[in-house]
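Take a look at the letters that make up each chain.
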Amino acid sequence: MSLLRLLSGPDLSTGPERLRDHANRLGPLPKGGPALIEVLVRTGLTGRGGAAFPVGLKWRAVAAGSQGTAVVIANGAEGEPHSKKDRLLMTTRPHLILDGALLAAASVHAKQIVLYIGEAHHAALRSMSQAVAERPDHERRMMRIVAAPARYVAGDSSATVHLVDTGIATPTTAPPSPRERGVGGAATLVHNVETLAHIALIARTGVATETLLITVAGAVRTPGVLELQAGTPLSEAVQLAGGASYPARAVLLGGYFGQWVEAEAAWSLPIDPHALRERGLSLGCGVIGVLPTSHCPVCEVAGIMRFLASESSAQCGPCFFGLRALADACTRIAERGTDPGDLQRLQRWSAEVLGRGACKHPDGAVMFLRSAMKTFGDDFAQHPAHQRRSA
Amino acid sequence: MTKQFELVVDRIKCDGRGLCAEILPELIRLDSWGYPIITPGPIPEHLMGLAERAVDDCPVLAIALRRAQAQKAKPR
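Residue numbers (numbering that gives the first Met the number 0), protein chains in the order written: chain A, 0 to 390; chain B, 0 to 75.
No wet-lab data here; the hints were simulated from the structure. Beta carbons: idealized from backbone N, C-alpha and C, even for Gly. Warning: the hint list may mix true and false statements.
What the hints assert, rightly or not - From the structure, some residues in chain B lie toward chain A, with a derived Cβ separation under 7 Å:
#, residue
1, R10
2, E21
3, E25
4, L29
5, W32
6, Y34
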């Protein structure tokens with residue numbers, strides 16, 4: 000059997016695939032329902048938005064609590080600064096995403112589909128609107144597009160529900176999670192758009208998809224999105240992105256909520272959610288960031304911590320004040336040099352912040368910082384005072 | 000067996016007023032920014048009265064009692 004890939008089909012530069020071409024290439028939309036839920040459980044598909052939650056289990060939970068009123072949210076907020084994969088998918092294969100959302104809706108008895116798209120992703124918004132317009136009436140009537148603000152936390156699943164309900168894209172206190180009580184109080188299934196595209200293929204073949212989308216960023220010659228066979232070594236992904244443009248120091252795996260790995264150890268890592276999990280790592284949202292030896296890791300980490308602190312939705316004290324304090328301490332070390340007191344404060348405040356937000360934003364930031372301090376321990380321990388440096 | 004309770008904080012509602020930690024320092028301390036850190040686990044019988052007061056006196060209704068759940072043992 001020929002291997003189906005997410006980006007199979009017409010050349011990507013020709014823009015969004017039209018419904019007619021999509022249907023000719025892949026055949027009609029298969030049926031959703033309990034059988035598809037079991038296929039998804041069996042194939043072990045996990046979410047591609049970052050949390051890697053098993054899709055089949057999520058569907059079972061929402062189907063059980065649905066009572067015919069469930070809601071499906073296709074999450075294309077893509078607020079992760081270096082990630083581009085969701086936009087690429089939305090602008091080239093919109094009907095895969097809509098197929099996946101319709102299959103989800105049929106399987107969990109949902110009547111509404113919300114296409115939640117980052118407001119700054121103009122081409123994606125255009126492509127998805129056009130794709131919705133091409134769909135038959137009974138499908139189109141279920142769908143609406145909601146533009147998400149360009150904030151990091153806007154992609155949090157509880158924030159997607161909050162925006163749809165109230166117009167405010169900030170996370171809410173869990174429990175209840177969206178799958179227990181989401182849009183308008185109904186059980187709500189929130190999926191990253193790539194996850195839905197995988198479902199569109201799995202429903203047609205009955206077998207697991209073998210590829211995934213990743214974004215290679217940082218010190219490579221041609222940064223961008225790749226569709227890779229799961230299990231591809233990380234070094235090969237970097238080669239496919241034109242190779243390192245400068246000797247690499249380390250790799251940030253999984254975006255800003257991800258983990259740092261020394262370059263030497265990173266090259267042989269298999270790009271596969273399950274294999275990485277066994278190593279205590281995560282593919283997260285699929286961003287592979289290459290840090291060159293020309294950049295100071297401490298300064299880089301301080302910059303990302305400042306970003307994450309500024310992206311707190313400022314609802315929970317430990318996140319709002321804690322991340323700011325952590326970012327400030329990192330910045331002091333970066334600008335004025337290591338102070339043992341600051342190192343101790345980083346440790347203490349990390350422990351105080353962890354697990355104390357309504358959403359996972361503070362946890363993601365703290366885990367990122369801890370991984371940085373572990374991987375760049377020597378750099379943090381003896382960082383020189385830098386001359387004023389624009390970073 | 001008697002019912003066991005634990006304290007939970009709604010992090011979004013919590014304003015860091017700190018009354019709870021004054022009423023029940025045995026189980027609640029404040030972090031570096033004045034927000035409560037709760038000792039995990041069920042509330043000992045002899046502290047239940049104070050725990051109820053901590054809940055009732057919170058000016059923003061951010062802290063509550065709920066039936067203890069065995070699995071979670073993380074300070075919140």
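Status of the hints after comparison with the structure:
no. : hint : in the structure
1   : R10  : holds (4 Å)
2   : E21  : violated (17 Å)
3   : E25  : violated (19 Å)
4   : L29  : violated (10 Å)
5   : W32  : holds (4 Å)
6   : Y34  : holds (4 Å)
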